[in-house]
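Keeping their order, the protein sequence lines are chains H and L. Numbering follows the working numbering, in which position 44 of the first sequence is assigned residue number 44; successive positions increment by one, without gaps. Numbering follows the working numbering, in which position 134 of the second sequence is assigned residue number 134; successive positions increment by one, without gaps.
Since the hints were derived computationally from the structure, they do not count as laboratory data. Misleading hints may appear alongside valid ones.
Straight-line C-alpha distance at most 16 Å; calculated EDC-like pairs for lysine to aspartate or glutamate [as the list claims (entries may be wrong)]:
1. H:K13 <-> L:E89
2. L:K170 <-> H:D53
3. L:K148 <-> H:E7
4. L:K43 <-> L:E89
5. L:K43 <-> L:E75
6. L:K2 <-> H:E46
7. L:K39 <-> L:E26
8. L:K149 <-> H:E14
9. H:K10 <-> L:E150
10. H:K89 <-> H:E122
11. H:K57 <-> L:E160
Model, not experiment: these values are computed from the prediction.
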Amino acid sequence: MKKLTLEDLKKIKEKAQAEIQARSPEGKDKIVVHMGTCGIAAGARETLLAILDEIEKRNLQNVVVTQAGCIGFCEYEPLISVQKLGGPKVLYKYVTPEKARKIIAQHVINGQIVMEDVLSTE
Amino acid sequence: MKELSLHILDLIQNSIEANAKNIFLEIKENDNEIMIRIKDDGKGIPKEILEDIKSPFTTTRKTRRIGLGISLFNEVITNCGGELQIMSEPGKGTEIIALLPSFHWDLPPWGDIVGTIYSIIATSPHIDFHIKIFLRGKNFEFSTKDIKKEINGLPINHPEVLSFIHNYLKENLGGVDS
Numbered sequence: 001m002k003k004l005t006l007e008d009l010k011k012i013k014e015k016a017q018a019e020i021q022a023r024s025p026e027g028k029d030k031i032v033v034h035m036g037t038c039g040i041a042a043g044a045r046e047t048l049l050a051i052l053d054e055i056e057k058r059n060l061q062n063v064v065v066t067q068a069g070c071i072g073f074c075e076y077e078p079l080i081s082v083q084k085l086g087g088p089k090v091l092y093k094y095v096t097p098e099k100a101r102k103i104i105a106q107h108v109i110n111g112q113i114v115m116e117d118v119l120s121t122e
Numbered sequence: 001m002k003e004l005s006l007h008i009l010d011l012i013q014n015s016i017e018a019n020a021k022n023i024f025l026e027i028k029e030n031d032n033e034i035m036i037r038i039k040d041d042g043k044g045i046p047k048e049i050l051e052d053i054k055s056p057f058t059t060t061r062k063t064r065r066i067g068l069g070i071s072l073f074n075e076v077i078t079n080c081g082g083e084l085q086i087m088s089e090p091g092k093g094t095e096i097i098a099l100l101p102s103f104h105w106d107l108p109p110w111g112d113i114v115g116t117i118y119s120i121i122a123t124s125p126h127i128d129f130h131i132k133i134f135l136r137g138k139n140f141e142f143s144t145k146d147i148k149k150e151i152n153g154l155p156i157n158h159p160e161v162l163s164f165i166h167n168y169l170k171e172n173l174g175g176v177d178s
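Just need the whole structure built from these sequences, with the hints factored in.
This is how it looks when you write it as structure tokens:
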């Protein structure tokens, strides 16, 4: 297999920019992974990697993933919050990589909150 | 935390929370010694906190007066007979250097270094990461600044750009994660 080089990025850029220009301007759904020491120790990195993997596989261009620190609910880590455009902010608890994949499919894509894993909503 | 790469991720999270614009990660391993260096240009640590920074009850945070990240990392290093140096200047940034023997019974495995670097790049697109890794025969240098220059205008967290970065990291750092 040919080794990747920075040249390959140019092709990605041209293709992606054309796609961005073709799309109407709109906001993005937001996923925040809590990456304090408690979150990392509880497996937040693996949860985040599963989320990124799902986004990559499904080519979800309308989702932005960011990180945040500890919010004081250490016993419920790994925690993620999901906010669909115009929807409530939902904080999910004990988010293993498997649960993260389910949340992407059910909540982010289909708009159905995964009630059994919710810690709070606002 | 079971992996050195998780400690590295945790320390870099501190740099992100300190509003760093540039974060440097350097890892070097030779026959006798491992060096891990993390440097940022964030807000720095006040002198009175820096003096006691290795204590689990010291933190720059205003709520919950507990800061376990550096304390846990220091514990690992001390158990291996290593040394942790932390230098910081308010307004200029912080530099952390860990020196460890390359073999010790209590030395945790490196773990998922690619996953650690990729997680940081994917979730903090506004920060420039500069990485230099000399480990297990791999000699790898990488900067998100170079990537941003190539994709000029396209966000670095675009799914296809991230996919490229992930594969690029795996190609160049695969095999160091043990």
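- Hints not upheld, ascending by number: 1 and 5
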